[in-house]
Each structure stands twice: as structure tokens, then as C-alpha cells.
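Q: What follows is the residue order along each chain.
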Amino acid sequence: MSLTPLHAIFALMSLFTVGGAVGVVLNRNLIYAAMYLVLSLFGIAGLFILLEAPFLAAVQILVYVGAISVLITITVMVTRCVFCKEPPPRQLTLVAVMAALVMVTLGFVIMTRFGGLTPAADVPADSIEQLGVAFVNPQAYLVPFEVASILLLGALIGAIFIARDDLPRDEEAVGGDDHA
Amino acid sequence: MSDFVIFLIDAAVKAVLIIVGLVLGFAYTTWLERRFIARLQSRVGPNRAGPAGLLQPWADALKLFFKEDIMPTDADRIIYTLAPAVTSVPALIVLGVVPFGGQISLFGYQTTLGLADINVGVLYIVAVTSIAVYGVVLAGWASSNKYAMMGGLRATAQMISYELAMGLAILAPVMMAASMSMSDIIDAQQNIWFVFLQPIAAVIFYITILAETNRSPFDLPEAEQELVAGYHTEYSGMKFASFFMAEYMKMIAVSAIFSALFLGGYRFFGLENLLGGWMGPIILFVKIVASLAFMVWIRATLPRFRYDKLMAFGWKVLLPLSLANAVVTAVLIVLDIIPSFA
Numbered sequence: 050m051s052l053t054p055l056h057a058i059f060a061l062m063s064l065f066t067v068g069g070a071v072g073v074v075l076n077r078n079l080i081y082a083a084m085y086l087v088l089s090l091f092g093i094a095g096l097f098i099l100l101e102a103p104f105l106a107a108v109q110i111l112v113y114v115g116a117i118s119v120l121i122t123i124t125v126m127v128t129r130c131v132f133c134k135e136p137p138p139r140q141l142t143l144v145a146v147m148a149a150l151v152m153v154t155l156g157f158v159i160m161t162r163f164g165g166l167t168p169a170a171d172v173p174a175d176s177i178e179q180l181g182v183a184f185v186n187p188q189a190y191l192v193p194f195e196v197a198s199i200l201l202l203g204a205l206i207g208a209i210f211i212a213r214d215d216l217p218r219d220e221e222a223v224g225g226d227d228h229a
Numbered sequence: 029m030s031d032f033v034i035f036l037i038d039a040a041v042k043a044v045l046i047i048v049g050l051v052l053g054f055a056y057t058t059w060l061e062r063r064f065i066a067r068l069q070s071r072v073g074p075n076r077a078g079p080a081g082l083l084q085p086w087a088d089a090l091k092l093f094f095k096e097d098i099m100p101t102d103a104d105r106i107i108y109t110l111a112p113a114v115t116s117v118p119a120l121i122v123l124g125v126v127p128f129g130g131q132i133s134l135f136g137y138q139t140t141l142g143l144a145d146i147n148v149g150v151l152y153i154v155a156v157t158s159i160a161v162y163g164v165v166l167a168g169w170a171s172s173n174k175y176a177m178m179g180g181l182r183a184t185a186q187m188i189s190y191e192l193a194m195g196l197a198i199l200a201p202v203m204m205a206a207s208m209s210m211s212d213i214i215d216a217q218q219n220i221w222f223v224f225l226q227p228i229a230a231v232i233f234y235i236t237i238l239a240e241t242n243r244s245p246f247d248l249p250e251a252e253q254e255l256v257a258g259y260h261t262e263y264s265g266m267k268f269a270s271f272f273m274a275e276y277m278k279m280i281a282v283s284a285i286f287s288a289l290f291l292g293g294y295r296f297f298g299l300e301n302l303l304g305g306w307m308g309p310i311i312l313f314v315k316i317v318a319s320l321a322f323m324v325w326i327r328a329t330l331p332r333f334r335y336d337k338l339m340a341f342g343w344k345v346l347l348p349l350s351l352a353n354a355v356v357t358a359v360l361i362v363l364d365i366i367p368s369f370a
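The listed protein sequences derive, respectively, from chains A and B.
Residue numbering for the first sequence follows our numbering, beginning at 50 and increasing consecutively.
Residue numbering for the second sequence follows our numbering, beginning at 29 and increasing consecutively.
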């Protein structure tokens with residue numbers, strides 16, 4: 050197997066992804082950790098491009114880098130300790146156990162359900178059209194798609210309800226779970 | 029030479045041309061803005077450096093190069109230094125998917141004017157504009173200054189609020205052309221521009237790009253009465269110039285994107301094929317300058333939004349309107365009432 054430029058790009062993107070993830074875990078400054086997360090997510094977008102899935106890559110950047118990480122960054126900035134250098138408490142053991150669990154589970158599912166590691170197949174030219182049709186096809190992803198949509202809608206309404214400040218303060222809903 | 033090397037050289041040359049074009053465009057957009065706004069206010073504007081003040085941008089650039097670079101003691105050195113670059117990069121790369129013309133032939137070498145016409149071009153544009161917010165918010169945080177911080181947070185809230193309406197407004201031309209590729213969208217407008225078929229989407233998109241570039245009347249992040257200079261309060265010298273540059277390069281980039289989505293891009297009813305295809309970039313240039321002049325005109329006309337009004341306008345007016353427009357467009361296309369150019 051000869052080395053092609055694609056191998057070099059793959060190595061670089063993997064470095065971004067894994068190195069960024071390591072940076073998130075080990076960095077004690079929350080803003081830096083958030084920025085390492087952005088780097089890691091960019092690496093994943095690069096890997097999607099290498100797999101000839103530009104749609105997924107663009108959505109990855111739009112949703113994860115452009116929305117979720119921005120929200121994480123804002124959340125860090127509106128905490129009480131915006132400018133202070135005091136590090137948050139470390140929970141490395143717990144994190145390591147959880148990460149190992151996720152990795153073992155994902156690895157198990159990939160090896161058993163999807164027949165292990167397979168080489169990437171040729172991507173059809175109309176992959177975006179196929180994706181769009183699959184979302185509205187009852188044989189394919191219509192039900193999961195609609196369930197996810199309703200879940201998101203519920204979370205949206207819940208977030209608006211919690212954020213309303215014209216509710217009386219003693220109502221039970223105000224003290225509810227604000228992670229929606 | 030192998031095809032791969034030719035491809036690399038082709039892409040590199042086009043990328044450099046886009047970047048040089050944007051930087052030169054930035055210099056002369058400042059000139060255009062200062063001269064035009066002076067006219068609107070019955071002043072003369074900069075007219076001493078060179079004929080009609082045309083050398084003024086170079087004088088300003090030289091001045092900024094030689095200015096002292098000051099960094100606050102408490103600033104986060106790495107992020108403070110990186111933030112101006114993080115702001116400039118999205119402005120520089122977003123034009124990568126916009127075609128500047130059709131096929132041309134240069135000394136026997138056939139190529140298309142435009143860097144990469146990818147099939148998810150519109151998504152790429154939305155994705156790149158969504159990461160543009162980082163430079164601003166990081167600059168505000170790294171400065172260790174509460175005004176800068178407030179400016180950065182305001183900018184973030186504003187940009188993510190208007191991004192939604194922008195994405196939904198872009199859906200209209202995407203559905204009309206049945207493609208997310210910029211060149212397909214331009215080709216679909218050969219006979220009639222989408223600004224006439226989708227006027228609501230065009231107006232919403234133009235309003236949201238003003239908000240995304242922090243232009244007046246949406247220049248809340250740098251509201252000087254309240255926030256000194258907003259997120260770039262603590263910046264000086266070339267780092268300040270980078271923010272300035274990024275704002276103007278974004279104006280040029282979004283003007284080009286607006287032209288491509290709603291004004292037929294480089295096409296003008298067949299005129300773009302003159303001069304062996306070189307008329308295309310000239311047509312696009314005229315459209316961009318018209319859009320830039322319109323932005324300056326808006327700045328000279330409208331006062332700045334109040335912050336809560338800005339948020340209410342984005343969430344309660346633009347978002348429902350763009351959503352309704354997208355739904356109505358989709359239904360009309362399915363019913364064959366308005367044509368789809370697939």
C-alpha cells in the first residue's frame with residue numbers, strides 16, 4: 050500500500066480529532082477546553098470529507114461547531130468565574146471510566162452489528178437526494194426522524210417555558226431541570 | 029505534469045486571487061464607504077491622498093502597520109493574539125464556493141472561474157458564517173475587559189439569532205433551483221432573478237446579512253455610547269485592523285453571495301458570455317459594488333436598533349416570516365404553481 054496525500058490528510062484530521070479531545074479533558078481553563086472541542090469537531094468534519102460525505106461535514110460544522118460549541122462557550126462565559134484563573138475540580142477517574150464504557154460499547158456494536166471494519170464503498174452521486182428521500186420514506190427513516198423532531202420540539206418548548214420570567218417564582222416548574 | 033499537480037496549482041492560484049481580491053476590495057470598500065457617506069451627509073470625504081482620495085486606504089494601512097501593538101496585562105495572550113485571525117478566516121474562505129464566471133480559456137488552458145463548486149455550496153456558506161462568531165466572542169473574552177466581554181456576548185446572541193432566519197431565507201432559492209450548488213442556483217436564474225420570484229426571502233436574507241456582518245443598523249456589538257468600542261476595545265495596531273478588515277471582507281463576501289442567490293450571480297441575460305467569458309466577473313463586480321453602496325446608504329439612513337428590539341425583531345418577525353415563506357414556497361412548488369428549475 051503506497052502512501053497518498055489522502056493518508057497525510059487522514060493523519061492530520063485524526064490528530065485534530067484525538068488531540069483536540071485530549072485537550073478538552075486535560076485543559077483546566079474552560080474556554081481553552083471549549084476551543085479544543087471545536088478543534089476536535091473540525092477534525093471529525095475533515096474525516097467526513099475524506100469519506101466523501103460533504104453534506105455530513107457541512108452539517109457537522111453548522112450544528113456542532115456553529116451552534117452547540119458556541120452555546121458551550123457562552124455558557125462558560127456567563128458563569129460567575131469568567132475571567133478568573135481558578136481551575137474547576139477534576140473528575141478524571143469518573144471521566145476515564147465513562148469514556149472507556151462508551152468506547153467498548155460502540156466498538157462492540159460496530160464489530161457485531163455492522164460486520165467489523167469494512168472499506169468505504171463508492172458514494173453515489175445523488176447521495177443528498179437519497180438522504181432526503183430516506184427521511185420521508187416510511188420504510189426507511191420516517192419514524193426515527195419524526196420522533197427526533199418531536200423530541201427537539203418538546204425540548205424547545207420546555208426551554209422557552211423555563212426561561213419565561215413572567216411566571217410566579219413559587220411555581221414548581223421554575224425549579225425544574227434546566228438542562229433541556 | 030500529472031492531473032493532480034495541475035489541479036493543485038489551479039486551486040492555489042484561484043485561492044490566492046480570491047484572497048488578494050478580498051484584501052484589495054477591503055481597502056477600496058473603506059474608501060467607497062467614506063466617500064459615499066460623505067456625499068450623503070453633504071461633506072467631501074477623504075480627497076487629499078491621490079486623485080479623489082484613491083491612495084487614502086494605503087496611507088491608512090501604513091499608519092496601522094506602524095502603530096504600537098498594545099496588549100492588556102490581564103489578557104489571555106494566546107487567544108488575544110489568535111482572535112483577529114479567527115475573525116478574518118471565515119471571511120476569506122466563504123467565497124470558495126461562489127462561481128465568478130463560466131468557462132474561460134487562458135493560453136489554451138480551460139478552467140472555470142470559481143474555486144470549488146461543491147454540491148453542498150449553500151450549506152458550506154451557512155456553516156462558515158456560523159463559525160464567524162468565534163473570533164468576536166473570543167476577542168471579547170481574551171481582552172479581560174467587561175465592555176469587550178459584553179460586546180462579544182452581544183455579537184454572539186445577535187449572530188446566532190439572525191442565523192436561523194438567514195438559513196430559512198436561503199431555503200427559498202435552494203428549493204426553486206432544487207440544488208444546493210451555487211452554480212445550479214445561478215443557472216436557474218438565467219431568465220428571471222430570484223429576487224423577483226422570492227422578494228420576501230431576498231429582503232429577509234439582506235437584513236440578516238447586515239446583522240451577521242454587524243453592519244448598521246445592527247452594529248450593537250460596537251455601540252460606542254454603551255460599550256466603548258465593543259469586542260475590539262482593547263485592540264490596537266494591526267490586530268485592530270484585522271477586525272476592521274474582517275468586517276469589510278465579510279461585507280464583500282455576503283454581497284457576492286446575495287448576488288449569486290438572488291441577483292443571478294455573474295450572469296446578466298447572456299451578456300456574461302462576451303469577452304470570452306471574462307464579462308462574468310465584471311458583471312458580478314458591478315452587482316457587489318451596488319450591494320456595498322446600498323449597505324453604506326442604509327448606514328447613513330437608519331439609526332441603531334435598541335438591543336431588545338433587535339432580539340424581538342429577529343425572533344418574532346424575521347424567523348416566523350422566513351419559516352412561513354419557506355413553507356409556502358415548498359407547497360407552491362409541489363402544486364406546480366411557481367416553477368421549479370430542476
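A couple of the hints might just be wrong.
Computed beta-carbon distance windows for the label pairs [stated by the list, open to error]:
#1 F35/B with F194/A: 46 to 54 Å
#2 S30/B with V67/A: 52 to 60 Å
#3 R71/B with I199/A: 20 to 28 Å
#4 R334/B with L141/A: 44 to 52 Å
#5 N186/A with I65/B: 32 to 40 Å
Pairs of lysine to any residue, SDA-like flavour, derived with a Cα cap of 25 Å [what the hints assert, rightly or not]:
#6 K42/B with I58/A
#7 K344/B with I117/A
#8 K344/B with R334/B
#9 K174/B with N78/A
Worth flagging that the hints you see were computed from the coordinates, not collected in a lab.
Ideal Cβ positions, reconstructed from N, Cα and C, are used throughout, including at glycine.
Q: Hint by hint, which ones does this structure get wrong, listed from lowest number up?
A: Hints 1, 2, 3, 5 contradicted; others consistent.
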